[in-house]
Amino acid sequence: AQSVTQLDSHVSVSEGTPVLLRCNYSSSYSPSLFWYVQHPNKGLQLLLKYTSAATLVKGINGFEAEFKKSETSFHLTKPSAHMSDAAEYFCVVSGTWGGSYIPTFGRGTSLIVHP
Amino acid sequence: EAQVTQNPRYLITVTGKKLTVTCSQNMNHEYMSWYRQDPGLGLRQIYYSMNVEVTDKGDVPEGYKVSRKEKRNFPLILESPSPNQTSLYFCASSREGSGNQPQHFGDGTRLSIL
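Chains as they are written, first to last, in my numbering: chain A, 3 to 117; chain B, -7 to 106.
FYI, nobody ran anything at the bench for these hints, they're computed from the structure. A quick note: this is a predicted structure, and the numbers were derived from the prediction, not measured. Cβ atoms here follow ideal geometry from the backbone N, Cα and C, with glycine treated the same way. You may find that some hints are simply not true.
To be verified - Simulated DEER-style distance windows between Cβ atoms:
no.: 1; chain 1: A; residue 1: E68; chain 2: B; residue 2: I4; range: 28 to 36 Å
no.: 2; chain 1: A; residue 1: S54; chain 2: B; residue 2: K9; range: 16 to 24 Å
no.: 3; chain 1: B; residue 1: K10; chain 2: A; residue 2: E66; range: 42 to 50 Å
no.: 4; chain 1: B; residue 1: Y2; chain 2: A; residue 2: S72; range: 41 to 49 Å
no.: 5; chain 1: A; residue 1: T79; chain 2: B; residue 2: V46; range: 32 to 40 Å
no.: 6; chain 1: B; residue 1: D51; chain 2: A; residue 2: K44; range: 46 to 54 Å
no.: 7; chain 1: A; residue 1: S28; chain 2: B; residue 2: M19; range: 47 to 55 Å
no.: 8; chain 1: A; residue 1: S72; chain 2: B; residue 2: V44; range: 35 to 43 Å
no.: 9; chain 1: B; residue 1: M19; chain 2: A; residue 2: K44; range: 30 to 38 Å
no.: 10; chain 1: A; residue 1: N63; chain 2: B; residue 2: E54; range: 36 to 44 Å
no.: 11; chain 1: A; residue 1: S54; chain 2: B; residue 2: S74; range: 37 to 45 Å
no.: 12; chain 1: B; residue 1: G32; chain 2: A; residue 2: K44; range: 18 to 26 Å
From just these sequences and the hints, can you work out the full model?
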């Protein structure tokens, strides 16, 4: 009923340059979409979410994502990378069917930031 | 402070020795879930609970049990652990299980089954 594909397992950028982490999804229903960040030895922290309101979603730490239904994409961007952005990022699609709620996680994108 | 607390954070044990990983949330959330994280596979859901006494299987439930007797607690039980259950485990909660609520995650429990 749903799936999510993170198109890059690793993305490497220099500090101060733009970040683009790509996510495509499929869903039989109108989905909710999330981006989470995971720093080493920590749990996942919500960056932003899309739940059928504005298609351009702003999150914490300068991140934003645009929901494009025609392209079934929900790419995460940031204008200027900081060293502290180095982490693992997960795109998640979720919805409720028949009373069950099972979110589907992408396999993750590791963001590497070079000085 | 709003949080999801897992214990223990690290555990090394042997095959067949029953273990329980506890999870507690202080946000009065209805929905709780357990995930395992393996390299290159992202997070996969083991079990979830929509509310007290309501639990259901996720994508990878084999070898695990859960219970939800109180709203705040959702323990994960491995009755007879095996090496393929060596993994990083996360507990999470959200206000409700409607699909559009973000989840709050614990810091994880790293299990090694020898």
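Violated constraints from the hint list, given by number and in increasing order: 1, 2, 6, 7 and 9
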